[in-house]
Every structure is written in C-alpha cells, then in structure tokens.
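Peer 1: Chains B, C and D with the ligands: place on chain A using the hints.
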Amino acid sequence: MLRACQLTKTFGGLSVLQEASIDFHPGEVHALMGENGAGKSTLLKMLAGLYQPNGGSIEWRGQSVRFQSPHDALSQGIAMVHQELMPIPDLNVAENLLLGMEPVNALGWVDRAELHRQAQSWLKQLNTDLDTHQPMRRLSVAQIQVVEIAKALARQADVILMDEPTAALSNHEVTALFSAINTLRQRGVAVVYTTHKMDEVFRLADRISVLRDGQLVCTKAAIEFSPESLIAHMVGRELAQVFPPITTTPGDVILEVRGLTREPSFRDISFTLRRGEVLGLAGLMGAGRTEVVSAVFGLTPATSGEILLQGVPTRITCPAEAIAAGIGMVTEDRKGLGIVPAMSVGHNLTLAALPQFSRSALLDAAAERCATQTATTDFAIKASSPQQAIRELSGGNQQKVLLARALLNRPAILILDEPTRGIDIGAKAEIYALIGRLSAQGTAVLLVSSELPEILSLTHRILVLRQGKLSAELDPRQTNQEEILRHAMPQ
Amino acid sequence: MNAARPSLDRNFLNRFGILIALITLALVLSVTTDSFASASNLTNVARQVSINGILAVAVTFVLLTGGVDLSLGSVVALSGVVCALFAHPGEYPLVVPISMGLITGALCGLLNGVLVTWGGIAPFIVTLGMMTMARGLALIFSSGKPVADMTPALTNLAGDLGPVPIPVLCFAVVALLAWLFLGRFRLGRHLYAVGGNEQAARAAGVSVTKVKLFAYGICGLLTGLAGVVLAARITTGQPNAGQAYELDAIAAVVIGGTSLSGGVGSIRGTILGVLLIGIINNGLDLQGVSSYYQAVIKGLIIVGAVWLDRRQSRS
Amino acid sequence: MNAARPSLDRNFLNRFGILIALITLALVLSVTTDSFASASNLTNVARQVSINGILAVAVTFVLLTGGVDLSLGSVVALSGVVCALFAHPGEYPLVVPISMGLITGALCGLLNGVLVTWGGIAPFIVTLGMMTMARGLALIFSSGKPVADMTPALTNLAGDLGPVPIPVLCFAVVALLAWLFLGRFRLGRHLYAVGGNEQAARAAGVSVTKVKLFAYGICGLLTGLAGVVLAARITTGQPNAGQAYELDAIAAVVIGGTSLSGGVGSIRGTILGVLLIGIINNGLDLQGVSSYYQAVIKGLIIVGAVWLDRRQSRS
Amino acid sequence: CKKPAERKEGEILIGFSSRDLSAEYTAKLSEAIVEYAKTKPGVKLVMVDAQSDVQKQFSQVENFVAQKVDAIILNPCELEASTPAVDYVKAAKIPLVLVNQVTKSAGDSYIGSNDFEAGRIAMEAIAKKLNGQGGVLMIHGIMGTSAQLQREAGAREVFAKYPGLKLIDQQTASWDRAKAMALTENWIQAHKGKFQAVFAHNDEMAMGALLALERAGIKKDVTVIGIDAIAQALTAVKEGRLDATVFQDAVGQGRGSVDAALLLARKQPCPKENLIPFQLVTLENLSSFLK
Ligand SMILES: Nc1ncnc2c1ncn2[C@@H]1O[C@H](COP(=O)(O)OP(=O)(O)OP(=O)(O)O)[C@@H](O)[C@H]1O
Ligand SMILES: Nc1ncnc2c1ncn2[C@@H]1O[C@H](COP(=O)(O)OP(=O)(O)OP(=O)(O)O)[C@@H](O)[C@H]1O
Ligand SMILES: [Mg+2]
Ligand SMILES: [Mg+2]
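Residue numbers (the numbering used here), protein chains in the order written: chain A, 1 to 491; chain B, 1 to 315; chain C, 1 to 315; chain D, 1 to 291.
The hints are simulated quantities; they were obtained by calculation from the structure and are not laboratory data.
Simulated pairs of lysine-lysine, BS3-like, Cα-Cα distance not exceeding 30 Å: (1) B:Lys-145 with D:Lys-179; (2) B:Lys-298 with D:Lys-179; (3) D:Lys-128 with D:Lys-192; (4) A:Lys-335 with B:Lys-210; (5) D:Lys-68 with D:Lys-38; (6) D:Lys-219 with B:Lys-145.
Computed from a prediction, not measured in an experiment: that's the story for all the values here.
Looking at chain A on its own, in the form it has when it is part of the complex (with noise of 0.2 Å):
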C-alpha cells in the first residue's frame, strides 16, 4: 500500500538514510528497528511529510506520490505519532487531540461539546481517563504520550506511523495501546512501529526491517527473528547478557528526606538512600515519581519536609544549589527541562559544569574540547561535530548527551529520571553497566523507571508510589512485576 522506494535523505552534506526501499502492506504491524541515529524518525518523517527526501520516491497505492506537508500526508490518510512530542501548552486535551479535524456545527462553529465527546472516547480506547478540559501544560510526559497517541487514532488513517509512542509509557497503558493496534490491524490499517523496547517487538511485529547507520539491512518476517539475531543485526554484533549483577553494598546513608510534601502531587514521602545503593522508585504514570524527584533536585521545591545530606538539613531551593550540594539530574522531559535546542553539542555537554572548565571567569575552550570528546567516544554518542547543533541529534543521542552532562560535576547523588527513555540496546546496556560502575564507585543513584524489569534488575531496594504516596518498600530479589504493580494500582 505504501512504499519507499530507494529513499535518500541527507543534511547538509551528511547523509542519514541511504536508498531504504521498504513495502508497508495493510493490516501488518511492520517494526522499523535500529539503533539511536539509525535513521528510523527520518525515515518515517518523510513518509509523513514532514522532510522532504532527497533522492528516491514514495508510492501511495501504486503512485508516486509528492508530499510538501504533513497536510498533504494527512489528507492522502498516513498519519504519525512523533518520537519528539508535541504539546501545545495552552490548548486544552480535547483541542490538541482533534487539532485540525475539530467538529463544527451548521453554523461552522467548533461544537465544542461534541469536541469533547469525541476526545473522550478516543482516550477511552488507550484506557485513559483525563479531563479533557485541562490545559495540555499540566499533563506529565506521560499523559501527553497518550494524547499524541489518540491524535494519531483519531485521524483514523489508513497509515499509522508510530516513533516510539511507548517511550514514556507504563505497563498499564502499553497493554491499552497493543490492544488498539490489535484492532487497527484488523481492520486493514498499516501500522509502522519503531521502539527501543525488545519485548514489544515480538508481541506485536508482523514483520521487521532493520536499519543500521542510515543503511537498510535486512526485511524479514518477525518469526524469523530471535532476540539476539534482532540485536545482532541492529548493531552489527552480539551483545551479551544486558543487566549486570549487582555486587555492591550499601554503604551510610547520604541522602535522607523526611515528610516532604506538596500538595496536591505526592505527600509525607520519607525514605534514605545510602552511598553506592541503587534505589528504584516505581509506580504508575502521574503517580508522582517525577514531582518527587524534582522536589529532591529543587526544580520544584516541596512546601513541607526536610531534606537531609550526610544528616545535615539541607534546604534546595533551585537545581543550582542541588548541583552544588552534589547531586546530579537527568529528567524525564528531554524538551522541555533538558536541552537548549539551538545550542551546540559541546555547549550542551558542559553547561551544567562550567566551572570546572574556567580558569578565572573566563573559560578553556580546549578543556570543554577534551571534555567533549571524551563524552563522544565514552556514550558513543553519533553527532557530526560537537559544533552541531543538539536539536539535529537523534532522540537518544541527545538523551546521552544529558546523561553525559550529569556526570561531568561527578555527583554524589545521581537522580535518573526515565534515563533509558528512546535509548537502543546497545546503549541501554551501557546505562545499566554505568550505573553499576557508577554504584560501585559509592555514588548513590535514584531510579525513576516505568520498564519494571529494569527496576528488578538493577536496583537495590524498590519503593513504590501511589497517587502521591509511598506504599510499599520491596527488596528487589524477592518481588515480581505483579507484586510491583499491586501497591502501584490506585485502590
């Protein structure tokens, strides 16, 4: 139904996608499989119109086809859920859900009833229930995932291209997405998949096609695809077992937070956290993992509780004095908290630890080179010069970046939120042997993860929250996913 037929998309002289041809047929989820910077969003942009390609052509049912716009896609019924989300802030749910396709009564006003309605049902089918009243601003990463999701739903395309629509996703709402793609197969819609995560490929893929540095390598039916033939395409090697043992001891404790609270987000949360310990916190989307941390990290504050470094009551009230009191943050929301787009790679790397790169006030631009490239070849980060901008990097290029930056300042505390949202495989293993490493070296992590196998895998200790509050402390060896999940659901 859709082809790529020889695609070629370069930038500014660096090519990123050579000569993919791929067929997409009706009712097949086709994964699109890669590692970061693979060339998976470019690919899939510019079936959606969003790039235009440089060489090579798109046929659309047996036509070639041009598309200068999303519109022009759109229209043609190919639409795309994008890896980078898109919320307009001051729009409420209903209107970023049925932006471009709001119903209109007789008069050509916007029925806004019917508005709601609609958007209603649509999140009803990813088994989500948000007000869709409010403001897209006050959605956590999470929910805004799902309205992108819905988005994509409800222009009830023949087409659906999906870029790592489960990133931010947890288990509950990734089972709802599956069940919708299941339907949407059925009824004869071609759905284009591109995730990082291994499970979710073979639940779901009809067939594969791997991608490797811009080059296509192979198309296969997903049957014929093992785990580790998957990975050893993607990479071009075998990569071994993914989760390092965890062989340190919890040293004193570092970190203790006492009562902290605000409302109406999370309450009375207390726990400690020891050098060298890796502590998971688990729980549903918007249960308040990530206002938690973000109290710890000062970006914003609790209104009550203590904060205790080393036993020694600290107040935080910005990142800066967290930063300066040795803890280190990477968050969830890349976008918005993370990167500053038009910034360089290098720019981007060092800004949180600049002093260590200034004699007096002014700064050593080949100590920030040295640094640069050292963080290059240790993350294996793909930019074509640390002068690049950061916004032109890939998804998890950039999500490397953000963790190389935390680093930098060799934080005692190190708070991971989501660290291995978009990262590939090869990448994520090298994630979980840092944080080992990391741990090792007595530095005390709090991870924030909604892929539970990661939590069990890698953590010390877990704690759980529900809506705002902690409900159980689990010790990671003698739990399981269910259990996990039976203190996270809301009672």
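Peer 2: Then chains B, C and D with the ligands, alone, in the frame of chain A:
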C-alpha cells in the same frame, strides 16, 4: 462537565488584576474629579479608545500566532491618506473611499504575511520594513501634505448614531466578531495552535502558512479600518498620523494577558487592556497632571497593573 | 576534529547574505557617488553608526536572553540629561558627569531586570513602562529645557583621538569586550542557555535571575554610555533626544541574525547589521534620494538583505 | 541613472538639511527652497531630511562637509543641540545659512522668523479677543523642542501682561492632530465653561481642538488660534471656523535662504540676518495669504 467550571474561573481570575486596577482607577477618578463619571465623559473615553481598540484587536491576531506587527501606525496613516484621496466631495460614492482604505490596509497586511511565511523573514524585520515603507508611501501619495477636503458623508462616520459614537460601534462590532472568531471558529483555534507550537500544528496538518497569512491579512484589514475611522475623525488624510500607535496597541494586548510568544490570549483581555490605557490617558488629562509627570505615572500604572495581574494569576 | 569545518563554514554562511548586501551596497555607492569611498566620508559613517552601534551591542545582551528593551531611546535621553546636569564648567571633575550618566543608565536597566525577574512581568511591558517613565524623568530633571552649557572637557569626548573619532573608539571597545564576554565567559554562555531554553538552563544549575539581571544591567549601562556620547556630540542634554532609537538598534541586531526569541546571535552579526543600516542612511543621503522615497527604499533594502541572508543560510 | 551628487565644472553645489519633511510647514519651506534653487542656472541643491533627529542632522551636515559643498542651508532641529553642527560647518569654513531656527552659534546668515514672536502674536490676539479676561488652554508641541519652548515663552509674556488671562490647563499633544483632539475632548469634560480660548503651538493641533469643540457644539464660545498658516488652517479661517493663525512666510524664507547661500558661495557680501516677520491671519486680512 463540572471540570469546565474551575477552568472558566481561573481564566477569569487570570485577568482579575487588570480588572481590579481598572475598577480602582475608575473609582479614584470618580471621587477626585467631578467629570469622570459623567455620561458624556464616559462616551468620550469610549470614543477615544475606539481607534486603539480596533488596532489592538487587529494585532491580537498577529500576536497570537507568535508574530508582531510594528507597521500599524504607518499603515493607519497610509490607509487614511488613500481613503482621503478618494473622498473629495462629489467624486465617488462613499463606498469607494472606505473600501480603498480597507483594501490598502489589507494589502499591507497580506504583504507582511507573505514575507513572513514564504520569505521566512522574522516578523519584527518584515513589519519594521513595512512601517518605514508605508510611511514613505503615505508621504508620497499625499505629497507630504494633509489630504483635506473630505466629503461630509465620510467625516460623518466619526459622528454619532443615536447616543453611540460610530467609532465606538465599529470597535464593538470588530471586538465581538473577533471574539466569536477566535473562540468558536476552527481557523481561530488554529491561530492559537500555530502560536502555541508551530511544529505541532504543522504536524497535525494545520496549514501554518494559511493561518499566518490570514492573521496578518485580517490585522491589515482592521488597521485599514482604523485608518479610515481616524481620517473621518480628524477630517484629513494625515501622512504623519498614527506615530507609535503600534506601541499603544501592542501594550494594550499584552496588558490583557496575551503572550508575545504566541498561543495565549483573548479578546476580552485585549479589551480590558485598551480600557486601562484609555482611562489612564483620560484621567490624567482630567486631573490636569503636568505632561512630564503624566509620562511617569502612565508608565507606573501600566507596569503596576500587569504586576498585580501576574501576582493574582500566580497565587 | 575535521568535522568542525563545515559547521564553521555554515556559521560564516549564516551571515553571508548580509555581508553580500553590505558589499554590494558599498560598491554601488562607490561607483555612483564621488564621495562615498572617500576617507572622510567613511570616518563619517563610522562616527554616525557609533551611537546606534553601542545601543545595538547593549540590546544584543537582552535579546539573547529572549527579552527586549524598548526603553533604549528614552534612557539615552535621561542619561544624557543627567550627565549634562553635572557637566557645567568648573563644577565637577569630568569623571562625575560621565559616571552619573552611566549610573543612571545602569539603574534603569537594573530596574527593568528586577521587574522582569522578580516581578515576573513581560519584558515588553516593563521596558515600555520604562520608556515612558525615563522620558518623563528626563523632562522633569531638565525642566523640559535642553541642558546646555557643558564643559568642553566633556564635549571633547565627541572629538577625535588622532585620526579616530572617540565615539567610534567607544563603539569598538564595547563591541570587542562584548564579543569576548559572550564567547569566552561563563556568564556569556549562560546568557545563551537562558535564552535558548530557560527551564533547561535552570535545571542545569544556571541562575536565571542573575543572568537576566546582568543582561538588563549591562544593557542599561551601555545605554547610559550612548547617552553620554550623544550629549557630548550635541553638547546638550536634550530631554527629547533618542526618539525611536530602540527600533534602529533592535533592527540592527535582528538583521545580524539574532533571534528575538533568544538564544541565537552574535556580536559579529550585530556589527554587520549596524553597518548595513548606517551605510543605507549615509548612501541614501549621498545619492540625494528624496526623503519620502528614502523611507520606502530603506524598508526594501532591510527586508531584502534579511531575505537574502535567510535564503543563503537555508540552502 | 543620473548621479545627483556629481558636480559639473563651475557648478555651485548647495547642501540643505531640512528639519522634518513630514511636518507640513517644514515641507512647504523645503519645497520653496528646492523649487527656487531650480530656477537658478548653474546651481545644484541636494536636500536631506533629518526627521527631527538632531544627531541625524549632525551626520548629514558632516556628509555635506565631506562632499565639500559650496554652501549649506541648515534648518536646525534645535536651538541648543544643533549648535555643534553649526560649529562643525564653521570650522570647515563652508558658508552656512540658517533658516527658520537659530542656534547658539550664529551662521553666516540667518533667514527666518522668531518662534518667540509667533507665540506672542498668537497670544496677543487671544488677549485682544477676550478683552484681557478669561481662561485659556495651551496645547504644547513635543516637550523640549525649541519651537515648543519659544512659542510657550512668547505666550507667557502675554499672560504676564494681562493679569485677567488665566492659564486653566496645559498639556502636550506632540504636534499631532488626533492627540490634540482627544486632549481637548477631555478638557471639555474637565473645564467646561471655564475657558474661552485655546492656544495651540501649531495649526495641526489647533485643527484638532477646533474639531473637538465643534463636535461638542461649543466652538462659538471659544477662540482657537494656531501657528503656521497651513492650508487647512487658512481654509478654516476663511470659513469662519478658526479664529486666527500666525503666518510664517515659507516661500519668503525659502527664497531668502537660497539667495543668501548663493551670495556666500560666490564670496559676495550677504546680510547677517534677514528677519521675515510673522503676521496674524484673520478673516479680515485673509485674502492676501490665499494664493
Ligand atoms: N534536522 C537535522 N539536521 C541534521 N542532522 C539530523 C537532523 N535530524 C536528524 N539528523 C541526524 O540524522 C541521523 C538519524 O536521526 P534519526 O532521528 O532518524 O535517528 P533514529 O533512528 O530515529 O534514532 P533514535 O532511536 O535515537 O530516535 C542522526 O545522526 C541525526 O544526528
Ligand atoms: N505542572 C503541573 N501542574 C499540575 N499538575 C501536574 C503538573 N505536572 C504534573 N502534574 C500532575 O502531577 C501528578 C504526578 O505527575 P508525575 O509526572 O510526577 O508522575 P510520574 O509518576 O512521574 O509519572 P509519569 O512521569 O510516568 O507521568 C500527575 O497527576 C500530573 O498530572
Ligand atoms: Mg528517532
Ligand atoms: Mg515521570
């Protein structure tokens, strides 16, 4: 949906500070001067704000998309001159000068829009260029002299219809239509979407180009209307009229809570902003405050009102 | 890192369009007029652009943070008046009037900064208020009359140092320091970060408040300097001087590629923008173009140059 | 394409910087200068517009000096602030004619009238009309400009002379008709019945005041006088709407300045000063001012 209620209240509260400032100011003026609260003075205020009001509504469209229009004042002058050139008594029927003024404004606006969208040039630069060009054209068309000798049919448009001055009527109709349009019509909502997140709007299939062209075009058209109303009011097409009108108009809109980065704002807020500025100007004149201090006090009140407003909406 | 090269080229190309426009304009003027390419005229151009140049550098700081400063022109007048008040012959040593002018400017800038950061008020409103207030204060301090009778020690500051006019020297030093600062200093880098993504900068430990206060403060200080230079040049503290200077300054900065939404821009671009505007003004006068057409042509050249620039940087 | 600034052998090149071509009176003066210069063989005149910006005008004068013109006609923006431009020309030893506005330093010749005089004449007329008794409103030009300051000073002298004349209120309308109209509307609210005359620093603003008073239906009780005698003001006087305006002889000033510039450029003696008096224009003497 009971959830709609708090949102409405919050919206109302959002502009509560300005409303408080407005009411306080009106109360102070009613007490300290004999004349402020009189019907004739209130009509007066309404008449005086109407041109800035039309311009403020006009530029609200552009500001909502995240753009800006610095050419308002010059385009007011240009449309006024063009209107006046076609308004000599006995030459053309009334509709000709009016439409010529409106068309002139709309063309300037559309040109702005074309340069912003297809040219990809920053709105600030485009409209700054237009500001200079329109002023030059106004001077060229009028040979630098006020274009006088206008037919009474046109200058009567600045008069009254019953108890209501016609400029006030124009403003009211324009504001009402704009309010309806922005709140109720698809294109209106798309204006917010484009201003709020242009990429997202584009990705959702909204034609950003069309929306922006529309915003600049409407802004130009309404500016043309303001030009015609001003020409009628001062019975002249004045090539150097309207200096710095854009600042008053944009100030009114921003006071009313519209964000200069786009995507947030309302016509109701704009009207409050227009009234605040109008009442300040009227009140200071009534109080007989010396010009030097007028400037200082005006600045203080504007900043103070917005500060109050932001505090209110934050708490 | 050989990969650095294309990016460097791209940066260069980014402002290539303006450079082409600048060179073309200069060539055309050299051929069509006898006087343009003369040493004395080029010194003239340099002298004439120096005040707008200082202001453009000043406002670059604020624009980089994503703010704006509309009060430049009024603050120029106010600092000029304050400087002149302390510059009567034989009253104070030279350093007093100069520092008073600078301090006045810096205070206005800091007040802007405080209202923007702690007050949480939109920069447009804050600086619009300051624009009105500073003008009023200039009139109050001078009792509405030009403050004349300035000591020659001060007015000599508008003279030459060897072959170079002192205002040009001021501009050069200011531009050099600003360039160094933005490129080489931590705070300079923070300025870009705050303008590029304020929330992210905060999360990275940047004190947004400090950075903004600094930007507005420096902008004010340099505006004060421009006020002193202007007063020296016209040997008067003129309370109504500097009208609309902010527009020329901001235009120069935006022509030079600085984004009004912050985070992108360079002093080098600003200098190109300042030169382009200066040469347009000088050239149109030399060509003897009638002033009405000057307005139109100036608008066209500015929009055209920026359009060329954007096309260049896109392809 | 012709090259305006190019000079033929033996041609006299005159540079002229006009204060503001978008102001009607200055435009009229400038036009007179340009037109009159065209009638002189072997003379080339280049006009530039300072748009009321002192610093810009200074730059233009510098440009003229750089072009080595034979004489400069300067219509200064300001009394004080334009002085350095005058000094600059004198230092370059280029003949300089000032027109319509003096500066602290004198040029080689001054052609024009005195704004102080204009304010005095207008206010005298009001005093006469009101028999030295009554309330007056004064609408100022842009505060701090020479014309505003001097016209106000002239008017003040008359107030001092007639204790019965009361200045009820004063305010700036920045030479702008629409602003003067709004201001007058507000004054009608605040001071209804308490004023018998409005003195505006120029005709534009006088027309604005006039329209506001007419709309309010109280023009017959109020005397309105402006300055400049722009076309619309003269028409209004003719129609009996405007009580009077003060005539400045733009054409006379323009021609006089060109003549002076030519004399100076040819190194011929030229009178230091050529004052062309202001005249009050009323219905009685109107015919001689309407062309
Ligand atoms: N606008 C752009 N300008 C320059 N280079 C770009 C641009 N967009 C993407 N790239 C480059 O193209 C390459 C492919 O990016 P793309 O986003 O398609 O990767 P991806 O496969 O989606 O990776 P991820 O899994 O991290 O999302 C990357 O190296 C990226 O740096
Ligand atoms: N700016 C905000 N204003 C109002 N409510 C907010 C805001 N940000 C988040 N919330 C709400 O606070 C609650 C907690 O959100 P938080 O982001 O902490 O959840 P989480 O557990 O991190 O889950 P996830 O990140 O998966 O959504 C949510 O109900 C969310 O809607
Ligand atoms: Mg991607
Ligand atoms: Mg979260």
